[in-house]
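Produce the complete structure using the sequences and hints provided.
There are 2 protein chains.
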Amino acid sequence: MGIHSVVLIGAGRVATQLGLTLIRHQIRILQVYSRTASSAASLAKVADSDFTDDLSNLNQQADLYIISVTDDSIRQIISRLNIKNKLVVHTSGSVPMEVLAPLSGSFGVFYPLNTFSKEKNINLSATPFCIEASDPHTEQNLLDLARIISSDVRLINSEQRAVIHLAAVFACNFTNFMMVNADEILKKQGISYEILLPLINETIGKLSTISPKEAQTGPALRNDQEIIKKHLEMLTNEPEKQLIYQLISEQIQTYFSKDKS
Amino acid sequence: MGIHSVVLIGAGRVATQLGLTLIRHQIRILQVYSRTASSAASLAKVADSDFTDDLSNLNQQADLYIISVTDDSIRQIISRLNIKNKLVVHTSGSVPMEVLAPLSGSFGVFYPLNTFSKEKNINLSATPFCIEASDPHTEQNLLDLARIISSDVRLINSEQRAVIHLAAVFACNFTNFMMVNADEILKKQGISYEILLPLINETIGKLSTISPKEAQTGPALRNDQEIIKKHLEMLTNEPEKQLIYQLISEQIQTYFSKDKS
Chain E
1 MGIHSVVLIG AGRVATQLGL TLIRHQIRIL QVYSRTASSA ASLAKVADSD
51 FTDDLSNLNQ QADLYIISVT DDSIRQIISR LNIKNKLVVH TSGSVPMEVL
101 APLSGSFGVF YPLNTFSKEK NINLSATPFC IEASDPHTEQ NLLDLARIIS
151 SDVRLINSEQ RAVIHLAAVF ACNFTNFMMV NADEILKKQG ISYEILLPLI
201 NETIGKLSTI SPKEAQTGPA LRNDQEIIKK HLEMLTNEPE KQLIYQLISE
251 QIQTYFSKDK S
Chain H
1 MGIHSVVLIG AGRVATQLGL TLIRHQIRIL QVYSRTASSA ASLAKVADSD
51 FTDDLSNLNQ QADLYIISVT DDSIRQIISR LNIKNKLVVH TSGSVPMEVL
101 APLSGSFGVF YPLNTFSKEK NINLSATPFC IEASDPHTEQ NLLDLARIIS
151 SDVRLINSEQ RAVIHLAAVF ACNFTNFMMV NADEILKKQG ISYEILLPLI
201 NETIGKLSTI SPKEAQTGPA LRNDQEIIKK HLEMLTNEPE KQLIYQLISE
251 QIQTYFSKDK S
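Chains E and H supply the protein sequences, listed in that same order.
Under the working numbering, read the first sequence as residues 1 to 261, first letter to last.
Under the working numbering, read the second sequence as residues 1 to 261, first letter to last.
Accuracy of the hints is not assured; some may be wrong.
Any copy will do: because identical chains look the same in the list, a pair fits if it lies in one copy or spans two.
Claimed, not checked - Pairs of lysine-lysine residues, derived as DSBU-like cross-links and limited to a Cα-Cα distance of at most 30 angstroms, are as follows:
1) Lys258 x Lys241
2) Lys230 x Lys258
3) Lys120 x Lys258
4) Lys213 x Lys230
5) Lys213 x Lys241
6) Lys230 x Lys118
7) Lys118 x Lys258
8) Lys213 x Lys118
9) Lys229 x Lys258
10) Lys258 x Lys188
11) Lys120 x Lys188
12) Lys229 x Lys118
13) Lys213 x Lys229
14) Lys188 x Lys230
15) Lys84 x Lys45
16) Lys229 x Lys188
17) Lys230 x Lys241
The hints are simulated quantities; they were obtained by calculation from the structure and are not laboratory data.
Since the structure is predicted, the reported quantities are computational estimates derived from the model, not experimental observations.
Next comes the structure, spelled out in structure tokens:
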């Protein structure tokens, strides 16, 4: 059979980018649900589909129902889901597959490991898709669907997926917050953030050829106490940034000195 | 006149990449100094130049002497420098230009804002070069030289340069350490780090079109206490990572809640 039609439950960033990608691969979006009618309507317009803000009103004909809402809301959505013997997945990094077990049909997880914006469309063709399923038949269907979208499709269980999501918080969210700090530091001197872009691109570009451990540089790694002290003094009036600088510098020193011994 | 020949004082990562770049642009390296003869010899071989490990033995004929050593060593090198009425620069982000004032000739700063590896050659053509000089004539000479290498050459005073370097520690060194943490978290589950590369590339790619502040995502931004709690529990046996997770999540929440008010 295969999956040819989808109902999107959620109209946020992941639902939007996943929906746009599915359409590009000739999968039909039959309906978009969001508790906010205007969000559902706006994604439905792009997806050329129906929309609803009433869960009891879900289209009953789709091959697949994709729940793509905040982790907090998934359980609540599931408890109110008004469909029988259907295939249902969620797209969350952290929520175990088993929350879907109360449903009458088959179920699984369809987790694209990336960061999603509303403003910026994303090409998912190289994005790792982490797949988990209630049974081998469903697994095959979800793998087939993911392989239409991406060249990197993996079977990942709930425990591994939670670890991957935790690692992603460090690699993506915390990294971005380091950039927020850098931006603020420069702004106070009237210097535009884009001066850092070549440095940032090189920092990340390295990681395709050497490991993060090999790629580490900077005053803390060199144990350059004079610079560290000077930097901490420069941050005297910004206690939050000073705290980050101190903690991370100490941890870099500890981590790499352990490594030598 | 212009600058046609250089002595490199230092044979580390910056000296090496700068030296290789200068050669590609037909600037001659006359000599490489390092206190470690083997390092001097190995860079000299690539640069087709002399080398020495004796500062009293410096070649006296170069148009420019580039001091590219650790910040700690710069002052010591300067106090022992055995050249008269020559143009001398250092390449440090944090050391004020005025440390070069005791020298008899003209002086300046030639700071390439990037991250340098020994293993990986770098293309400096888009790297910002931060230039500062003792006098207008020297300034022009250094600007001309930097413009041979890069399309992004700026006059930056010592105070601004120190701020840029501090921002770079956040954007590059601390960012890389977030990747070290992500790598370690995955390793414990036997998952290879490269699963994160598309996410990381997207995280950084965004920053060419939206600001870090607009690009922020993640559990802390969404104030998703359930996930934050779960992640902290997963890190129970790794107190260092738990500390980073807690501090940065709290700061993300504080920063973005301030922002709303």
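Within, between, both or neither: Lys120, Lys258 at alpha-carbon 30 angstroms: between (41 angstroms within a copy, 25 angstroms between copies)
Homo-oligomer pair classification [Lys241, Lys213; C-alpha up to 30 angstroms]: both (24 angstroms within a copy, 15 angstroms between copies)
Identical-chain pair category, Lys188 with Lys230, by Cα at 30 angstroms: within (17 angstroms within a copy, 36 angstroms between copies)
30 angstroms Cα threshold - placement of Lys258 relative to Lys229: For Lys229 and Lys258, both the intra-copy (22 angstroms) and inter-copy (29 angstroms) Cα distances are at most 30 angstroms.
Within, between, both or neither: Lys213, Lys229 at alpha-carbon 30 angstroms: For Lys213 and Lys229, the Cα distance is within 30 angstroms both inside one copy (24 angstroms) and across copies (28 angstroms).
Intra/inter-copy verdict for Lys230 and Lys118 if alpha-carbon distance must be at most 30 angstroms: between (40 angstroms within a copy, 27 angstroms between copies)
Lys84 and Lys45: within-copy, between-copy, both or neither at 30 angstroms Cα: Within. Shortest intra-copy distance 27 angstroms satisfies the 30 angstroms Cα cut-off; inter-copy 74 angstroms does not.
Identical-chain pair category, Lys213 with Lys118, by Cα at 30 angstroms: between (33 angstroms within a copy, 14 angstroms between copies)
Homomeric proximity label, Lys230 with Lys241: Cα distance no greater than 30 angstroms: Answer is both: 14 angstroms inside a copy and 26 angstroms across each meet the 30 angstroms cutoff.
Homomeric proximity label, Lys118 with Lys258: Cα distance no greater than 30 angstroms: between (42 angstroms within a copy, 23 angstroms between copies)
Status of Lys188 relative to Lys229 across identical chains (alpha carbons, at most 30 angstroms): within (20 angstroms within a copy, 34 angstroms between copies)
Intra/inter-copy verdict for Lys229 and Lys118 if alpha-carbon distance must be at most 30 angstroms: Classified as between: cross-chain Cα gap 27 angstroms, same-chain 41 angstroms, threshold 30 angstroms.
In the structure shown, no violation is registered for any of the earlier numbered hints.
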